[in-house]
Amino acid sequence: MATTATAPTTKSWSGGKSPFNVEYGKLMMWYFLMSDAFTFGAFLISYGTIRFSTNGWPDPNEVFRSFPFAPEGVHAPLVFVSVMTFILIISSVTMVLAVHAGHNMDKKGVVKNLIWTIIGGIAFLSCQAWEWNHLFHEGAWWGSNPFLNHDGTASSTNFTNYFFTITGFHGFHVLSGVVINIVMLIMTLMDKFEQRGHYLMIEKAGLYWHFVDLVWVFVFTCFYLI
Amino acid sequence: MEHTAEHTSEHHGEHAGGGTKEIVKVTIILSVLTVIELILGFWMIDIPLEQASFRLAIKGTIVILMMAKAFYIVAYFMHLKHELKNLIMTIVVPLALFIWFITAFLYDGNSFRNLRNTYDPHFKEQSTIKVEKKEHGAAKHEEKKEATPAATPEAPKAAH
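The listed protein sequences derive, respectively, from chains A and B. Per this note's numbering, residue 1 is the first one in the first sequence, and the count goes up by one each step. Per this note's numbering, residue 227 is the first one in the second sequence, and the count goes up by one each step.
Hints are not guaranteed to be accurate.
Unchecked claim - Partial selection, computed: residues in chain A whose CB lies under 10 Å from chain B:
| hint | residue |
| --- | --- |
| 1 | 42 |
| 2 | 59 |
| 3 | 85 |
| 4 | 99 |
| 5 | 203 |
| 6 | 224 |
| 7 | 226 |
Stated by the list, open to error - Anything over 10 Å on all C-beta distances counts as not near chain B; from chain A, calculated:
| hint | residue |
| --- | --- |
| 8 | 67 |
| 9 | 107 |
| 10 | 125 |
| 11 | 131 |
| 12 | 142 |
The set of hints was computed from the structure by calculation and includes no laboratory data. Every residue, glycine too, gets a C-beta built ideally from N, C-alpha and C.
Whole structure, please, built from the sequences with the hints as guidance.
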């Protein structure tokens, strides 16, 4: 009798069923990414608050205006960072293709697209390393800001502190994403996922990698465009 | 384990529908949005600081485009759109806190600046003193210019 009384409950929560219809690890990856979104959100909001409470701010087009092998004193704003943005978008696309290949149990496709994603990640990190090095040689670092405000007045070190902290944090995420992808590549090559019968791990690594791309969308806009 | 197997096969059919076509479509959308953002960014370089509200409008447009890009990445690349509604809600609803965070903190920052401009003369003064622009490349040139005239009178002497 008792069982018949409880029978007409909602289907999802009556047990014996996964209410979100996703695997445990994937769900937890989503919650981890949500917490990570709060971390980056806190950084960017802090940056915004400081920027709003300051009278002047450096012009990003004056600060980020060079690219590798450029002649001295070149004025090419936004050029190098657009290249970096496209590298990350394309590496995100190859990651989707790897996940897609995993759904079809296509090992060759997973390997090929993972390799492209890793190359994209390393290319992005190299670009960032060059940019940091370039800015360092211009005299910019934590606690030192050689750039003037947009209106020609003296600028505080807030600009460089936030720039290096936030892009550094993002770069570290890219680095860990590349390491995760390399581990995934090795596991794929060792037929780990073929034995398990599914490529769900690639999906989870993919979620992390897309998140890294997502954060860059915000960092790119906040530091380079506006 | 049974769950996961069931889950993958269920999702499989779903993905086959959108599949590669959807990926290509979203890639094109993301690239176009980025190019528009960059065009706006390049356009803003030539707009003088005095046209503050116009610059603000462009910045606002860029932020809207940024949100659109974020939506496409999360919805399609991360497949959140194809998950169950319950799952979507547990992710998206907490993130709605950001609406309040951003409003409150930026308002606070702005108010702090206004207060300091009103009551802190030093802070206000700092923002009006122009600093002589010292270009990285230009500074080196000046050094060289100074160095050469100093060296030239010496050179003939040495020759004598």
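Status of each hint after checking the structure:
no.: 1; hint: 42; result: holds, 8 Å
no.: 2; hint: 59; result: holds, 9 Å
no.: 3; hint: 85; result: holds, 6 Å
no.: 4; hint: 99; result: holds, 8 Å
no.: 5; hint: 203; result: holds, 8 Å
no.: 6; hint: 224; result: holds, 7 Å
no.: 7; hint: 226; result: holds, 4 Å
no.: 8; hint: 67; result: holds, 15 Å
no.: 9; hint: 107; result: holds, 15 Å
no.: 10; hint: 125; result: holds, 20 Å
no.: 11; hint: 131; result: holds, 15 Å
no.: 12; hint: 142; result: holds, 19 Å
Checked against the numbered hints given earlier, the structure satisfies every one of them.
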